[in-house]
Structure formats: C-alpha cells, structure tokens
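Chains as they are written, first to last, in my numbering: chain S, 1 to 349; chain E, 350 to 764; chain Z, 765 to 1055.
Hints may be right or wrong, so weigh each one.
No more than 27 Å apart at the CA atoms, straight line, and that leaves these computed lysine-lysine pairs for DSSO-like [stated by the list, open to error]:
hint : chain 1 : residue 1 : chain 2 : residue 2
1    : S       : Lys-141   : E       : Lys-539
2    : E       : Lys-409   : E       : Lys-518
3    : S       : Lys-141   : E       : Lys-593
4    : E       : Lys-547   : E       : Lys-531
5    : Z       : Lys-852   : S       : Lys-345
6    : E       : Lys-518   : E       : Lys-531
7    : S       : Lys-141   : E       : Lys-570
8    : E       : Lys-531   : E       : Lys-543
9    : S       : Lys-191   : E       : Lys-441
What the simulated footprint calls covered on chain E by chain Z, stretch by stretch (three residues with Cβ under 8 Å from a Cβ of chain Z suffice, anywhere in the stretch; the number is not a length) [unchecked claim]:
hint : stretch
10   : 466-474
11   : 556-568
12   : 616-627
13   : 703-716
It should be emphasised that the hints constitute simulated quantities derived from the structure, not laboratory data.
Glycine included, C-beta positions come from ideal geometry on N, C-alpha and C.
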Amino acid sequence: MDMKRDYYEDVQFFTSGAITFWLSTLVIGLTLFPFVAKNYYVYVANYMAINVIVVIGLNLLVGYTGQISMGHAGFFAIGAYGTVALMTHAHFPFLLALPVAGLIAAGFGFLLGLPALRLEGPYLAIATLGFGITITQIIGKIKILGERQGLHAPELTIGPWHLNTDRDFYFLLIPITIFLAVLARNLVHTKVGRAFIAIRDADIAAETMGVNLTFYKTLAFAVSAFYAGVGGGLYAFVLRFIEPELFSLFMSVMFLTMAVVGGLGSMMGPIAGASLLALLDLQLRNILGIPYIGEWLEALSRNYFSITGVSNIQMIVFGSILIAIMLFEPLGIYGIWIRTKKYWKMWPY
Amino acid sequence: MKKNLLSVFAVMVMILGLVLTASAEEGVTDTEIHIGQWGPQTGPAAPWGAVARGTDAYFKMINAEGGIHGRKLVHHYFDDAYNPAKTLAGVKQLQEDIGMFAYVSGVGTAPGLAVKDYLMERKIPWLGPSAGSRHWIQPPNKYLFNSYPLYLGDAQLLCKYGHETMGFKKFAIAYQNDDYGKQGLEGAQKQLDKYGLKLVEQIPVNVADTDMKPHIMKFKKAEAEAVLLFVGPGHVARLIGTGKAMKFNPQWFSTTTCGDHPLMMAITKGLYAGTISAAFGMMDPGAIGIGNKEDTNNPSLPLLAKYKKEAFDKFAAKEERWGMTFTAGIGYVEPFVEALKRVGRDLTREKVVAEMEKIKNFKGIMGNVSYAPFDPNDPLCRIGQQEVFLVRAEADGTSTILTDWFTTDFIPMEK
Amino acid sequence: MIEFLQMVLSGIAVGSSYALMGLGMVLIYKASEVPNFVQGEMALLPVFIAYMLLSSYGLPYYIAFPVTLIFAFFLGGILEFAVLRRAKEPNVLGLIIITIGMEMLLLGFVSWKFGADQRAMPFPISSYDSIIIGDIFISTLDMLTLVVALFIMLILFLFFRFSKIGVAMKATQQNENAAALMGIKTNQIRMITWGISAAVGSVAGLLIAPVLMEPYMMWDPMLKGFAGAVVGGMTSLPGAVFGAYIVGVVEHLFGGYVSIEFKSVVAFVVIVLVLCFKPSGLFARHYVKKV
C-alpha cells in the first residue's frame, strides 16, 4: 500500500478507480433495490440500516476509544421517545425532532461519560448496563411519555411527502445512514478521531501528549449516544408504537454483539456485523421451513427434545454463529474479510 | 411454429391466472383458506406460545372433519419472540409471499400494535387478539374484532365479589408494570370507588423482579385482607409463596391469566388452593351450578370435551399440556370459524366482516360473544366478550364455581 | 425497628444467592479475565438435569444433587476447554461475546428440551415454612441458602489456603507465566476453576429452583451477582460476597422505604456511586497503570 503523504489523501473518498467503481455500483444498487425487491425485504433492509446506525456509533466508543457500553438500548429509547414526544407535544417537524432527540441522547451520553472517566472493563460494563435498565424504568413513570401504556408514533410527513410505505421510509433512512456513516468515517480521520484512538491504545500516554482525557472520553460517549438516539428515533417509526419494555438489556447486549462480531475499530466492520446479525435475527424464524434441514430438526425434536420448544433452535444457531466467528477471528467479520483478501492477493503463495 | 405455440400457451395461462386471482379473494383458493398468526415460541413470554399451538390443533380438527365448505384451513404461525420488529417482519413476509386471508389471535399488546396499522390499511381482518387491551377497540377498527374480555372487568368482578359477598374492606393490589397490570389497577379503583373504599396498597411488580419479600412486607404493613394479583403465573407463585413464608395469609384474588388451576397448583406446590380467580370460559357456570366443582382436565362442557378428544388428543404434540393457554387458542378463533361457516362457499373478507357483525350471543367454549355493525364512535361494536365469572381453586386441582356470568363495564382509556 | 431488621435480614437472605453467583463470576474473572455471561446458564442446565433426575427417573435427593454438581463441574470444564480456550488471539470483548454465545446456546438447549412452562422443583425443604425470631421471619429455604453460602465460602477459603490445587490456582491467577515455569499446568488449572465456578453457581440454582423454575430464572441472580462482584472489586472472593450482601440489603431497604418500582435498578445506582469513589471496587487493590 502506498504511503499517504498529506491530510487530504487521508480523508479523500475515491482513492482509486476501483473504489469509485464499487462505491457507485453500491449507490446504484441501493437505489434500485426497493424497486426490484419485495416490500418485505425493504422492511428488512430498513431494520438492518437502523442497527447499522447504532452500531457505527457504538463502534466509535468501543472500537475507537476503547470504552465499553452495555446500555445503548437506553440511548436508543431516549431517541425514540424524544422524537415521538417532540413531534406530538411540541409539534416539531420530523427532520428537526430527530436530531434534537439525538442531541438529548447525546446529553445523557455525556452524563454517563462522567463516571465512566474513572471506570474501565467490567466496572464500566456494569455501570452502563445499569444506566440502560434504569432509563426505561424512568420513562415508564413519565406521564407525557405514556408511562407503561406506550406511545403511538404520529404520521410521518416531510413537507408535502407522506411516508406511508416501507419504500418511502427506505429512501429517507438510507441517505441518513450513509450520511452518518460518512460522518463517522471523517470524524475518525480528524483530530478528534486520532485522540480517540490514542486514548484506546494508551490513555496515559495520550494524556501526556496533551489529549484532554475528560473532554474526549465524554465526547466519545456523547457522539455514540447521538447515533443511538437517531437510530431510536427512526425505529419508533418502523414500529409505530413504542413501550419501555422494548428497550431491554437484551437489546443492549445485541448492539454490543453486533459491534464486536462485525469487527471493532474499522468502518466496514459495524456495517457488516449489524447487517448480518439483524438479518439473522429476523430470518432465523424460517429455519424450520428449510427443506431437509427443517424436517431433520423436527424429527430430532420429536425423538430427543420437545416439539413445543423446537423454535429455540434459533437461539442455538445464533449462539453458535457468534462463537464460531469470534473463535475463528478476533477481529470479527472484518478480520475474516481482510484475511480472505490477503489470501487471494498472495495466491498461489 | 412450436415456439409460437408455446408462447401463445404461456400468455393464455397468464391471462387465466390473472382472471382467477382477480375473482378470488387473497388467501382463498378453491381448496384452501390461508390464515396467519404470530406468537412467542421463544424468549421469556414463550409460555403463551401454546395459544398458537391450540389454534393449530383446532384447525387441523376442522380439516379432518372436511374443512369449511370444502376448503381446508391452512394455518401459518410463526415465532416472534414477543419482539414487535419480528412480528412485523413475519406478517409482512406471510402477506407478501403467500397472502393471508385473515389473521387470528396473536399474543401481546406491543406486537399487535406494531402490525395493526399494516393490517388495517390493507383491510385484512384480524380476529381475537390474545391480549385484553383497550387499544384494540379504542378507536374501533372495521377489520379488528376483539374477543378477550378486558382485564378491567376481572378487577371489577373480583372487587365486587370480595366486598359484597365476602365483606372485605381492605383491598390491595400487586400489578404488573404494564398495560395489563395498569388496567387491573384502574378497574379495581373504579369499582372500589362505588363502595367508598380505597386500595390500601398498590404495588408495581417489574417483569424481571424475582424477590417478593418487600412487596409482602408492604401488604402486611397495610393489613390488607384481600390482595388482587394482576401479574403473570410465575409472580403469582412467588407472591403467594413468599406470603406464606412470612405468615401473611389474605384472600388472594387473581385474573383470567392465572385461571389455569392445575398449572397454578403445580407451580405453587398446592398453595394456590383457596385463591379466587376470574375465568372467561372453558366451563358453563350456569350448567354446573354455583358451589359445584369442575375438573378442567375432564371438561363438562360438551364442546370442550369434544375438542379435547378430537383436537388435543389427535393433533397436539406429546409434550403439550391440556391447559387454559392451549384451549384459549381455540376459544379466540371460534367466532371467526362460525363466521366462515355462515358466509358459505363464496368467501370474501367483506362478507366475513359482515357475518362477524351479525354475531349475537354466540357461545363456544368461552362466554357470550356479540358484535355490532361498525360505528367509529362505539368501542362496544368490536368488543366481543364482556362477561366473566369467578372460580376458586381447590386442593385437588378442581375449580369451584362461585358466581354466574357477570357482564362487566367498559371504562374508556383516558386520552 | 423491627421492620428495619426484617428488611436487613431479608436482604441478607436474598443476597446469599447473589453471593454464590458472584463467587462463580469472580473465580472465572480471576482465571480467564472475562466477565462471564454464561454463569447463569452454567447453573441452569444442571438444575434442569436435577429436575429430570428427580421427577423423571425418581432418584432420591442424596443421589440427584451430587450427580448434578458433578455434571456442573464437567460442564464448566468442557466450556472452558472446548470453547473459550480455542479463541485465537483473544481480547476481552471477543471473550465476552463468546460467553454470550454460549449463554444463548445453553439457554436454547434447555428451552428446546424442557419447553417454556413454569415448574417448581421438588425439594427436601419446603420454601413456604419459616423460622421466627422474635417478630422477624426468615424462610427455612433462605436460612438454608445463607448457611450453604457461608459453608461454601469457608470451603473455598480452606481450599485456596491449604490444598495443592487451590494454591496452584492462586499462583496461576497471580502470574501465569511464573506459575507455568514452576511446573503448574495452567491450562488444566483454568479448566478446574471453570468447573468449580459452575458447581458453585449450580448450588445457587438448586436453591432458587424450589420457588419457581423456568428457562429465564437465572438472569436476575446472575446480573445481581455480577453487580455484587463489581462492588466488591471483581478480583476478591470475600469482596464478591460482601458486595452481594450490600446489593441485597440496599435493594430491600430501598424497596421498603423509597420505591419498590425502582428496587431492581437501585443496585446499579449504588454501584456507580461506589465506583466513583473506589473505581476498582471496595476490596480490590486499585490497579495503578504503570507507564
């Protein structure tokens, strides 16, 4: 690989003709997708994109700054409730409510970042985990947020554009996702990003070099929370109805899992991890419908397990995939990609 | 020439296909009716998965008897793990890949609300949601028919019986921290207001809580005589068990959710005996007579006995338990099957809705079900069943009938 | 005053099962340096095996329970040997995800085999009886849990102090390379540690199951045990026990005097407060990073 000689080269997008080609293919593919695919797959793509947004943000925190969060469902909830409440009670337009809700989440992220300054590893894990489950309890007590009865999302309109179908929503969601992904990529290449990485690699060394730990660690939390909040705001409009129980600890664990399985500290990793696991999450229920395998599993259940619990095979498959990826490659899917690329570049040596 | 013939043939087939699909309703063919359902088979809510399996066995029974007007019911049920995002995914895929004629039951408020708009916009009937939520009927939807009696009603009858018949004055409630529990709280408060009473203690129970000692201490301190349990079976077992260990023995009252006495007796190791719970069916209190016993494993209701023999014994998996969750899966869809029978051979969604609206005082294995022509301002036109009765769990796993059917009041949600 | 004492006692009672889970987590954290999210399910599977032995095969308690604990020991060892040790160039986050994967795997198997219905485990002691001291109640099952927890702590203490394997474990935890050079088979030691941890967790599981059994029953005790262990410092066995009791007591006092609704999350607020002052928990020596 050539050495990069100036800053512009570092942040530029189209580094080579091949990249330009692939990126434009991707954009065209994404644009055409909803016209060729069934509506269901557009819905799946929307669900994946929302997870991608959250996991890109989480990756900034976990992969680039070296912190851990098991409470991102909390920020996700704040974003979802914030967007809906701002639209119904304060009559904000959607495009304003969404970033404002994201900023509210970022504010909470900043607050959570404060105790996190002194914590690391399992201590930080349990503190963030506590935040995640406390926030839904608090939301469940607030009257204007519907308490435990939940909240309906209003009609989604942007100017004259009524977003009724999954396809409409797709054309709103995908540009937002791409914008946020590019933003994250550029952030990593700025002073801020380099400070994050310095903190991850050696925080004391970073401090002696003049990186303000307090500022950058809390900033990492805030930025990450902003992404989760925006994701949550969009999620509210996928479901059209939100209630506190949705934003469970399991969801936080899932986000972290996506980030790690995708590959920490890379840009493609979170996209790949979130897409793959979100897809699996939605599609595994069809596992018993696969010819031969499904029948074999049912026979197995009838003879050795229980047929009433047969759906739990989903969980077994999901767990096994997580284990397999992480055993094989600590850098996750991104690591596997790098390895394959290297292998073919060097082939046949 | 050959090629030409082939293409002509292909075009003809296509035209024929178009004509056929245009005339028949989505999800209905000459021999089949496709019906969808969701429900948790995995995750913490998985015990309610038996609802879908009950419906499945019931449909298989109907098919074994020859189907409905020559058509077999094809039941597509899937696991959503009580996650609304998955419910939406499953419904969309079923609808777009196969095309359902209607959806039945479906466990849970949040999963149901996630798909409600999707179904209603497409005018797809959805019958008998398996959760007593006011969201189904307020506002009412033309294509959504509730049948589960609201939890509000359980609370009304329990308080009425507790005060008027048993003479209790100090009522307390443990309520699950969600729509279900909050309805119980509201219903109890409204009913007690009529007697000038107040709940002496009201304690929320989080779904994840396992330790009930603080709850029992509060009840004890408030000297509650009667405690309403608007929680799930697991928490009922924990609360009653902890109460017993702390020498707190009030009259326990519970809901239709915990009306499965054999199950409750098993998980409380017999402590559930004496608990009074609401019931929405599976027996006819009038026929059995107040004060008499009913063994749910050996149902006296002829229809239910038939289901046990024809649906459960023949089509349920060997691990399946003959319990209330399973039979409820049958009960919720009975009005729909009745409507299908009444419509006849020429089946469309609009006709099913029209026949559903004509259902008055229909009685299957649950209580009286009635609907009325659609009126956007009247939730009661889609409420279905409004009556419940009370039973007491006995030490031998049977239930003693305490009251006859009682029609409860609908209390609208605050806006 | 009686009310206060009752709350404290109830807190200690519930803290005992947290303490057992916490002990299991700390043992593994010291051996493999990973917060072990499969701790609960390592206990869940043995508990369901015990249920099967008791109700399907009709074995008496004195056979079924020891068999269960032996099974748990092997289960823990196998998980370490067959899965965790196979991780290539492991990092902490990767290991956490592996434990989460194992958690789903075991939970999936238990739910697949036994279905989702709630059950109650047969047990020699009724969970509904209680001992009354003055005006204070403690259920016999809670009392048993407390005694068993203290007994296990004593055994672990003696084990680490006087047995050869125990000392070898401590050596491995302190400095793995040095221990290996001294001729200790560190891999084997780590496997045994996982086995012991699973067995300790299963004891907690067996004492929880008589109240109610379901596939998700170990989540809450596992989280609270983790919380307790973190308060205590994650690397200290007495710390984990003490932390778990703090969590139990605080929960009960908070539930009694302030709000039951927030009872289940107050533990985490306490943790954040404790950690603000002692970032490595109450009992662990604060690790100062050397530059």
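Here is how each hint holds up against the structure:
Restraint check for S/Lys-141 and E/Lys-539: the C-alpha separation of about 21 Å stays at or below 27 Å, so the hint holds. For a cut-off of 27 Å, the pair hint linking E/Lys-409 to E/Lys-518 is broken: about 49 Å separates their Cα positions. Pair hint S/Lys-141 plus E/Lys-593 does not hold up; C-alpha atoms about 31 Å apart against a cutoff of 27 Å. Restraint check: the Cα-Cα separation between E/Lys-547 and E/Lys-531 comes to about 16 Å, which is no more than 27 Å; the hinted pair holds.
For the suggested pair Z/Lys-852 and S/Lys-345, the alpha carbons sit about 23 Å apart, so the restraint of at most 27 Å is met. Distance restraint check for E/Lys-518 and E/Lys-531: the Cα-Cα separation of roughly 21 Å lies within the 27 Å cut-off, and the hinted pair is therefore satisfied. For the hint linking S/Lys-141 to E/Lys-570, the alpha-carbon distance of about 25 Å falls within 27 Å, and the restraint holds. At most 27 Å may separate the alpha-carbon atoms for a hinted pair to count; E/Lys-531 and E/Lys-543 meet this at roughly 19 Å.
Distance check on the hinted pair: S/Lys-191 and E/Lys-441 sit about 45 Å apart at the alpha-carbon level, beyond 27 Å; violated. With 0 residues bearing a CB less than 8 Å from a CB of chain Z, the stretch 466-474 of chain E misses the requirement of three and the coverage assertion fails. Counting residues of the stretch 556-568 of chain E whose beta carbon lies closer than 8 Å to any beta carbon of chain Z gives 9, which meets the minimum of three for the stated coverage. Counting residues of the stretch 616-627 of chain E whose CB lies closer than 8 Å to any CB of chain Z gives 4, so the stated coverage by that chain holds, three being the minimum.
Only when three residues or more bring their CB closer than 8 Å to a CB of chain Z does the claim for the stretch 703-716 of chain E stand; here the count is 0, and the claim is violated.
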